[in-house]
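**Q** The whole structure should be built from the sequences, with the hints applied where relevant.
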Amino acid sequence: MIRKLFFAFLMMACLGACNDDDDSRFGVPTEFRDIKFKPIPGGAVMRYYLPDQKDIFGVQVRYTDAWGEKQVKNATYLSDSLVLDGFTEAQAAVPAQVTFFNRDMEESEPMEVTFSTEKSATVAVFDELVVNPYWGGFNVIYDAPYMVNGMIHVFYIGTNPLKHEPDSILVSSIPISEGGDTLNFVLQQSMDFVDVVVRTDSYSGKFVKQRIIEKLPCLSMDTLRGIDFDLQFTGTIVENEEYQFGMQYLSDGDKQGVNYWTNLRNGDAEKYSTFMAGPEAFWDAEEPEQNRFIVDLREPKVPAAINLYAFLYYKGKYAYQWIDDPYLVELWDGSYASRLPSKVKIYGTNEDPKTVSLSSCTLLHDVNSGKEFTESWAHLTDEYSSENINIWGYSGSWKNKTKKEIEAADPVVLHMLCNYSGEKYRYLIMIVEDSFIGRWGSAKNIRQYITINELEVCVKEENK
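The opening residue of the sequence shown carries number 634 in our numbering; numbering runs sequentially from there.
These are calculated hints, taken from the structure and not from any lab test.
Here a beta-carbon is modelled for each residue, glycine too, at the ideal position from N, C-alpha and C.
The reader is advised that the hints may include incorrect statements.
In silico lysine to aspartate or glutamate, DMTMM-like type, Cα no more than 20 angstroms apart, as pairs [as the list claims (entries may be wrong)]:
| # | residue 1 | residue 2 |
| --- | --- | --- |
| 1 | K839 | E702 |
| 2 | K976 | D917 |
| 3 | K904 | D929 |
| 4 | K669 | E702 |
| 5 | K752 | D776 |
| 6 | K950 | D966 |
| 7 | K1093 | D929 |
| 8 | K904 | E963 |
| 9 | K752 | E811 |
| 10 | K752 | D800 |
| 11 | K950 | D901 |
| 12 | K987 | E920 |
If you anchor each label on the Cβ, the simulated ranges turn out as follows [stated by the list, open to error]:
| # | residue 1 | residue 2 | range |
| --- | --- | --- | --- |
| 13 | L996 | N735 | 55 to 61 angstroms |
| 14 | Y836 | D737 | 34 to 40 angstroms |
| 15 | E1040 | D825 | 26 to 32 angstroms |
| 16 | D776 | T856 | 30 to 36 angstroms |
| 17 | R695 | E1066 | 25 to 31 angstroms |
| 18 | E1066 | K1034 | 32 to 38 angstroms |
| 19 | K950 | V1000 | 45 to 51 angstroms |
| 20 | M744 | A918 | 41 to 47 angstroms |
| 21 | N1096 | E847 | 40 to 46 angstroms |
| 22 | D776 | N873 | 47 to 53 angstroms |
| 23 | K1034 | E963 | 18 to 24 angstroms |
**A** Printed below as a string of structure tokens:
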């Protein structure tokens, strides 16, 4: 019954909106005139009170929005508030008409009111908008209010790949995020400088505001050799020459796991030539000084990236059953992917990296790949998966590849580009908080082992 009345009310309200000279209008009771307005981003909230025992069924508000369009908002006695939206810049004393409807759908005499609005999210994002240089591109940082509406679009002026002429190229078109966001963009086109356009629209596609940032430099980076920085881990490292585990493998330049591939070719499937830490190698807030990967750049530099590499798909042997060496069963539990980092943070500091509180360091990168490696950066690594067949073909065909072909293969890598501010840091601190679940979800890595085949460090190119 209430639904029927509500729809009947809406029908009559619309008719009433088109007939301002209706003689059936009645006076508004005094107790209903106490209407309050609260400004909100992009509009206002009207508060009202319609007692159920009175002969008032609903309320209607007419006003003009920021685009000059007439708006009509309706509500019934079943509610006590109504949102008046459709605004961009903050406004004061917006005129409106409020009328009431009785149960016979007769409209009251109009009340002339005014209300104020706060700037909408589509305008507020430009208050603290920052467009920074980034590694091979740029990033956009913005703040947004607690109530968001509208879209943010990011373009850059590049070359149209079809016409080979300058053109605006869209790189992002997403809803504005509550509280703000940081958007990083790496360009497919190589350029020294880039012009960036940031634009906002309403959800209905109406243009709101735009800003153009010209000649923003695109940053270049240098990849450091392993001998150009010092690396240590403050937790437990697996050191074993028989199975070739050790710290020395973490920065030896072997991105694809060529050394392991060579061992496999020679029949030494249990010589891994890689780095492993553990047990209990995950970072824990209760022991914050433990389990830190510390990169000493030897002098303050602008950090650009840390890249983590894993084995290619070699179908390696990872001990998991009672006939295997118990030592290796403990390390692998039958799964390579379950030892790869899935949740990682990178910090920069010039303080003592072993004791400094991470809360006082600068967070440079934060990645959470989730638990399922099949949907992550590591999904093409050395784990039994039908997807990996596309790399080498069916069983064993990797053995027929040459060393050159292995070295030329695309690596399995987690690229972690550092947020850019221009600040220089001598020390980078990387922590691993979780790893993946292995094949078929069986390997949970309860003892918290971590394997990384290669850790690569990049810094800002000094001559640019």
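**Q** If a hint holds in the structure, say so; if it does not, say that too.
**A** Hints, one by one, checked against the model:
For a cut-off of 20 angstroms, the pair hint linking K839 to E702 stands: about 12 angstroms separates their Cα positions. Simply put, K976 and D917 have alpha-carbon atoms about 12 angstroms apart, close enough for the 20 angstroms limit, and the pair holds. For a cut-off of 20 angstroms, the pair hint linking K904 to D929 is broken: about 29 angstroms separates their Cα positions. With a CA separation close to 23 angstroms, the supplied pair K669 and E702 exceeds the 20 angstroms bound.
Restraint check for K752 and D776: the C-alpha separation of about 13 angstroms stays at or below 20 angstroms, so the hint holds. Our distance criterion of 20 angstroms between C-alpha atoms is met by K950 and D966, whose separation comes to about 11 angstroms. Between the alpha carbons of K1093 and D929 the distance comes to roughly 15 angstroms, so the proposed pair stays at or under 20 angstroms and holds. With a C-alpha separation of about 16 angstroms, the suggested pairing of K904 with E963 holds against the 20 angstroms cut-off.
Distance restraint check for K752 and E811: the Cα-Cα separation of roughly 14 angstroms lies within the 20 angstroms cut-off, and the hinted pair is therefore satisfied. The hinted pair formed by K752 and D800 fails the criterion: a straight-line CA distance of about 31 angstroms is larger than 20 angstroms. The hinted pair formed by K950 and D901 meets the criterion: a straight-line CA distance of about 10 angstroms does not exceed 20 angstroms. The straight-line distance between the Cα atoms of K987 and E920 is roughly 12 angstroms, inside the 20 angstroms bound, and the hint therefore holds.
For L996 paired with N735, a C-beta distance near 60 angstroms keeps the hint of 55 to 61 angstroms intact. In this structure the hint that Y836 and D737 lie 34 to 40 angstroms apart at CB holds, the actual value being about 37 angstroms. Between E1040 and D825 the Cβ separation comes to about 31 angstroms, which falls inside the hinted range of 26 to 32 angstroms. Checking the proposed 30 to 36 angstroms range against D776 and T856 shows it holds: the Cβ atoms sit about 34 angstroms from each other.
With their beta carbons about 55 angstroms apart, R695 and E1066 fall outside the hinted range of 25 to 31 angstroms. About 35 angstroms separates the C-beta atoms of E1066 and K1034, a value consistent with the hinted range of 32 to 38 angstroms. Here the CB-CB span from K950 to V1000 is close to 29 angstroms, at odds with the stated 45 to 51 angstroms. Taking 41 to 47 angstroms as the suggested C-beta distance range, the pair M744 and A918 does not conform, at roughly 57 angstroms.
For the pair N1096 and E847, the beta carbons lie near 23 angstroms from each other, so the given range of 40 to 46 angstroms is not met. Our hint of 47 to 53 angstroms for D776 and N873 holds, since their Cβ atoms are close to 51 angstroms apart. As the Cβ distance of K1034 to E963 is approximately 31 angstroms, the hint placing it in 18 to 24 angstroms is violated.
Hint violations for this structure: numbers 3, 4, 10, 17, 19, 20, 21, 23, all remaining hints satisfied.
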